[in-house]
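Protein chains: 2
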Amino acid sequence: MAQTEDPVEIRIDRASPVPLTKQIRSRLERLIREGILAPGVKLPAGRELARDLGVNRATVSLAYEELVSEGLARAHVGQGTFVAAPEEKSQALPSNLPSGLDWSSLFSKGSQLADADGRRRAPSSQAVRSVPGLISFAGGMPDSGLFPTEAFRRALNRVIRAEGPELLQYSPVGGYPPLRQFLAGHLLRFGVEARPEEILIVNGSQQGLDLIARVLLDPGDSVAIEEPSYSRAIQVFRAFGAQLLPVPLGNEGLRLDALERVLGRHAPKLLYCQPTAHNPTGLTLSAEARRGLLALAARHRVPVVEDGFDGGLSFGDRQPAPLKAADASRLVIYIGTFSKILFPGLRLGWLVAPRPLLERLEMAKQLSDIHTSPLIQAAALHFCQRRLLGRHLSRCAAEYGRRRTILLRSLARRMPKGVTWTEAQGGFSSLVRLPERIDAEALLPGAVERGVAFTPGSVFFVNGGGESTFRLSFSSTPALRIDEGIRRLAEVIRQAMSRPSPRQDVERSTVPLV
Amino acid sequence: MAQTEDPVEIRIDRASPVPLTKQIRSRLERLIREGILAPGVKLPAGRELARDLGVNRATVSLAYEELVSEGLARAHVGQGTFVAAPEEKSQALPSNLPSGLDWSSLFSKGSQLADADGRRRAPSSQAVRSVPGLISFAGGMPDSGLFPTEAFRRALNRVIRAEGPELLQYSPVGGYPPLRQFLAGHLLRFGVEARPEEILIVNGSQQGLDLIARVLLDPGDSVAIEEPSYSRAIQVFRAFGAQLLPVPLGNEGLRLDALERVLGRHAPKLLYCQPTAHNPTGLTLSAEARRGLLALAARHRVPVVEDGFDGGLSFGDRQPAPLKAADASRLVIYIGTFSKILFPGLRLGWLVAPRPLLERLEMAKQLSDIHTSPLIQAAALHFCQRRLLGRHLSRCAAEYGRRRTILLRSLARRMPKGVTWTEAQGGFSSLVRLPERIDAEALLPGAVERGVAFTPGSVFFVNGGGESTFRLSFSSTPALRIDEGIRRLAEVIRQAMSRPSPRQDVERSTVPLV
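Protein chains in written order, with the numbering used here: chain G, 1202 to 1715; chain R, 1202 to 1715.
Hints were generated in silico from the structure; no laboratory data involved. Please note: incorrect hints may appear among the correct ones.
When chains are identical, the list treats them as one kind, so a pair holds in a single copy or across two.
Below, simulated EDC-like cross-link-like pairs (lysine to aspartate or glutamate); rule was C-alpha separation at most 20 angstroms, straight line [said to hold, decoys possible]:
1) Lys1223 - Glu1267
2) Lys1223 - Glu1235
3) Lys1243 - Asp1318
4) Lys1243 - Glu1266
5) Lys1618 - Glu1461
Based on the provided sequences and hints, a complete structural model is requested.
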């Protein structure tokens, strides 16, 4: 465990009737118990602390000995005194310190909206992680076992050696210029034509969504959105006070008839969609439906936010081009990210938009956090330029495709009748639908107990609904464990289906099939 | 120059009367002229492109030859054909492509506010950078010549080798736990007691400000703020629709009498201040004034946002402790950053706040960009744990202190009577005040022509004002060039002062002395 390099500041009060030893001991005890001084931190050398405080060395030694005897610290001869590891602490942390102001009366409307929506969508995955032997389909992230970590380390070294000081200094808000230029070429691969100045580098697609919401949404504006959809997109739009207009998905993705109705009736400010490898369903919209979508958007003059899961992670046939590639009316805002195709931990993505909008997005980016780390940008660029991204993607697409096939076969073999699911054409997940009377979230604790986890589907729905659905992410589950996971899950579901239904009396909104 | 790994997508239309060679050439020409294909990019091999398009190889070769003869590409025997460097292009880029929708009619109120304020504060520094021989005091950033780049590279390698896949995966929103724990210990050095769960890792102090504004400000709320102040703080609060209440600085920083008036009259939602090494003045508030400030804030129950320039970069005597260290009423929100004390390019900082508020800030952070890169967090932590930060800070404080002393001496020796300036006690800059009739921004072009640059002061003022002030940043100016820079500047000022004053008729708001 690491040591802090900083002296611990201890104030003593000579006028106080409390003995100095006790003052020193109490202060250190509090810092340790509150977790401010972490286990393994070295306490100041007794001699130095005594000198700094102007007290006798024995006074300090005595205080330290008392901490040791309480189990709060450990003395190592010749090395010093260290804060003890947690299991040696005799008491839990007191965590109800006074918090000063009544903060809850001060929160902004946006924060209140985000909180209300966030509570409804509280992820249940945290409780899940620590169960031993668990087969988790709850991830929704790339498999870190496939990460080209070593190659990326070399890319980082290369760029720091070549231009370290520049990459650690302030840098242009729009992004590291060679990365913008590279992306312009990269996007051509998908038929998207963007000049470098039409590309803004952001901290992953989430920041892209946030900046778009900031620049285009006022409270009360409405946003058309696929249902189900990416839950944090729902949350961001809500936090900016938007009304969400759900557009149901059919078996082939977004339903154009429903979209047309929504656009006609409500004139929303934006349409948000994931036409490729949709999260949570894994569906990909056909080329024909894409043309229809663009024609509707153009007719209704509504900007389209295309959350573009990289086509490189698609299974089977070649994917249709992104909406942005056929954006003759120039109303598509494209969001790209390295999180799915490389590493989420980079926090690196990009927006493509017509220049008048991009200027405003840049301004919002600057006020948000000045710019994205140029070091990370340069390293990702170098990695891509060495043609490592293509190689990595092929490998991942093959592996994820394999896991997806195993999952779909296993579902077909093991799931009881009445359970349906989407056949992912790309991405990380499929959405499963149970018979309506069964609540997926209520199943989760029992499933975890039996050693399998998933993400309850209601988080992907706009205004309630989806309670009988759940998402299965296959991207991070080892191929050899998928069938066993589905076996356990089928057992849990079968059992729930055989129980008399306790929720039949509950009014349930009918949810469009996905 | 790097090559893209991606094939260029070229569509041809066999039904068109336009010859195929011309179709290929036109498409590539447009991609090159618009900058989508960058200089140095390798065009697809002729043989492969011909095969992909199903055309004769000679058709492609001819198209390439025409590009070469136009100067848009270069053929290298045995290597292929490459996009030519900019100076070889015969025409400028056409940049007035249609932008589709009338985007300006769609921008949110926040974006319009940010734009209006941003235009007023447009940085003039960009025009400045490229002049050869320029001595610039316009930076406001640490000197990258002092960066411990190599040590940081080693820290990065170390953490990637130890836990690379975890650091490249998704990670907790609050921050990399060992970094939060380290900061809890680090802050004790300044007398600030914070448990790890009261610390939120953010992308630099700018994001800290943005999250605070998001969570606490509604349009129409008011924010008390020192005047002058950090310009991007002014901009962020404005973008959230806040009314700014300027509190003038005296010779020793924020004036308590003025603060008391503002708090009494307006009951603002927040007070934003930089009590240590204030930007742009470099002033540091005395311990006594800090006590007064806290007492006023507590009496008026107003949260204080303390933008805490690290005390490690102070000159001369030991700095008074941060407000947060004496925050008995628990109303101080502390913003810290690695940008000034280590590298701006990390985009790494932290917030300290009471837990009920921190929870909301965490939620806002999650919607903004999920979390800060754990790789960057772990590398910065490792760097600090190896006690390199302390060493780096001592070196920087000594060097910046030296530059500051040279600057102040040089100002005293060279500036004409009627010019005054603040004596920076920490940080990167001093603010200079000219006689009122002289407009600092109007002086800038002439100054740059004479080889010296500064930042006009009006950007640091809330509602106009400060036109006769400018900021001199000494942190990035080599010590040996400071006196020469000030000599040039004094010449420019002397000349302006000797001119009959053209702006005397203009109504000027009187600006409090800084």
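Each hint tested on the structure:
For a Cα distance limit of 20 angstroms, the shortest separation of Lys1223 from Glu1267 inside one copy, 9 angstroms, qualifies, whereas the shortest one across copies, 88 angstroms, does not. For the homomeric pair Lys1223 and Glu1235, the shortest alpha-carbon distance inside one copy (18 angstroms) is at most 20 angstroms, but the shortest distance between copies (74 angstroms) is not. Taking the closest pair of Cα atoms, Lys1243 and Asp1318 never come within 20 angstroms of each other, the shortest separation being 43 angstroms inside a single copy and 49 angstroms across copies. Taking the shortest alpha-carbon separations for Lys1243 and Glu1266, only the intra-copy value of 14 angstroms comes in at or below 20 angstroms, while the best inter-copy value is 71 angstroms.
In this assembly of identical chains, the alpha carbons of Lys1618 and Glu1461 never lie at most 20 angstroms apart, being 34 angstroms within a copy and 72 angstroms across copies at closest.
Of the numbered hints stated above, those contradicted by the structure are hints 3 and 5, listed in ascending order.
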